[in-house]
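Protein chains in written order, with the numbering used here: chain D, 1 to 151; chain S, 1 to 151.
Fair warning: there could be bad hints in the mix.
If chains are identical, the list can't say which one is meant, so a pair holds when it fits in one copy or spans any two.
As the list claims (entries may be wrong) - No more than 30 Å apart at the CA atoms, straight line, and that leaves these computed lysine-lysine pairs for DSS-like:
{"id": "1", "residue 1": "54", "residue 2": "32"}
{"id": "2", "residue 1": "127", "residue 2": "44"}
{"id": "3", "residue 1": "96", "residue 2": "32"}
{"id": "4", "residue 1": "32", "residue 2": "44"}
{"id": "5", "residue 1": "31", "residue 2": "44"}
{"id": "6", "residue 1": "44", "residue 2": "113"}
{"id": "7", "residue 1": "92", "residue 2": "54"}
{"id": "8", "residue 1": "44", "residue 2": "115"}
{"id": "9", "residue 1": "96", "residue 2": "31"}
{"id": "10", "residue 1": "92", "residue 2": "31"}
{"id": "11", "residue 1": "31", "residue 2": "90"}
{"id": "12", "residue 1": "44", "residue 2": "96"}
{"id": "13", "residue 1": "90", "residue 2": "54"}
In case anyone wonders, no lab produced these hints; they're calculated from the structure.
Next come the chains, spelled out residue by residue.
There are 2 protein chains.
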Amino acid sequence: MNLEPQWIVGFVDGEGCFFVGINANTTMTQKKQVLPEFVVVQHKRDVSILHALKHHFQCGVVRVNHGDRMCYRVRGHANLMRYILPFFEKHKLKTKKRIDFEKFRDIVILMNKQKHLTAEGIVEIEKITNQMNTKKFKSSVIEPKIESSFD
Amino acid sequence: MNLEPQWIVGFVDGEGCFFVGINANTTMTQKKQVLPEFVVVQHKRDVSILHALKHHFQCGVVRVNHGDRMCYRVRGHANLMRYILPFFEKHKLKTKKRIDFEKFRDIVILMNKQKHLTAEGIVEIEKITNQMNTKKFKSSVIEPKIESSFD
């Protein structure tokens, strides 16, 4: 299935999310792990759309989200920097989700400069995250998932 | 705000609904009123998107949906026939929502031929409606809303 860029923008304006999770993680230098992710959730009947998105962006995974719902998900600042950011910089979102995207982008750029490995960087990232509509905080201490850095 | 057709298709694939309500209505010849509607719901912060859709389709209304949510809504088989159907016939939906759209289209075409004013037509329309994912039955007897035929 071929997806035109404007179709993708419209669909993500409706169904996409730009999350930045900040998890307590005792194995990280700053005791916190910053986890940006781009997610699109759909009922499993439209899993082919999620695979088409994955094919278009050349990165990410298609997974079960919850129950009958599947998701296309991209984590890892390298992939986000290389594939996701340039697309949405070129093809602007039309809803207010664009504001979240811009904060998401700023965080991914900071991570690409390794700022999330410094105390000041974490403070800056948390400040931006607090301004996002879609912020998602997990208070529990979780183990890092190696796979999550590369999908 | 200018909306490209493919953006609209993507957004409607995510956020749009094609409903056909069949209401008991004692004032109608067949005692039932068939009410097809195309609806897009958004948080009020993106009401400008709904107005842009209205501007694009040259019909319909922007209304409060529920609480902080607004909707763009087109009712009336004449408007649906003239403005909505041709658009989605030309620019195909990519999700399984297309199947609902096609049933919706069939019903609007039947209504355009005045079939909903005959007992056989109502049976046929109900049969199609039962196959839709987004079917919405209201069992209560309601008064016809004149405005709803023209927005």
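Do the hints match the structure? See the list:
With identical chains, the CA atoms of residue 54 and residue 32 are at most 30 Å apart within one copy only, with a shortest distance of 29 Å there and 46 Å across copies. With identical chains, the CA atoms of residue 127 and residue 44 are at most 30 Å apart between copies only, with a shortest distance of 26 Å across copies and 36 Å within one. In the homo-oligomer, the alpha carbons of residue 96 and residue 32 lie at most 30 Å apart inside one protomer (29 Å), although the nearest pairing across protomers, at 41 Å, exceeds that limit. Taking the shortest alpha-carbon separations for residue 32 and residue 44, neither the intra-copy value of 33 Å nor the inter-copy value of 35 Å comes in at or below 30 Å.
Taking the shortest Cα distances, residue 31 and residue 44 never come within 30 Å of each other, neither inside one copy (36 Å) nor across copies (38 Å). In this homomeric assembly, residue 44 and residue 113 never come within 30 Å of each other (Cα to Cα): the closest approach is 37 Å inside a single copy and 36 Å across copies. Within a single copy, residue 92 and residue 54 get their C-alpha atoms as close as 19 Å, and across copies as close as 21 Å, so both meet the 30 Å cut-off. In the homo-oligomer, the alpha carbons of residue 44 and residue 115 never lie at most 30 Å apart, since the shortest distance is 37 Å inside one protomer and 36 Å across protomers.
In this assembly of identical chains, residue 96 and residue 31 lie within 30 Å of each other by CA distance neither inside one copy nor across copies; the values are 32 Å within and 44 Å between. In the homo-oligomer, the alpha carbons of residue 92 and residue 31 never lie at most 30 Å apart, since the shortest distance is 35 Å inside one protomer and 49 Å across protomers. For a Cα distance limit of 30 Å, the shortest separation of residue 31 from residue 90 qualifies neither inside one copy, at 35 Å, nor across copies, at 54 Å. Taking identical chains as interchangeable, the C-alpha atoms of residue 44 and residue 96 lie at most 30 Å apart whether they share a chain (27 Å) or sit on different chains (10 Å).
For the identical chains of this complex, residue 90 and residue 54 are neighbours both inside a copy (18 Å) and across copies (26 Å), given an alpha-carbon limit of 30 Å.
Going down the numbered hints, you'll see the structure goes against 4, 5, 6, 8, 9, 10, 11, while the others check out.
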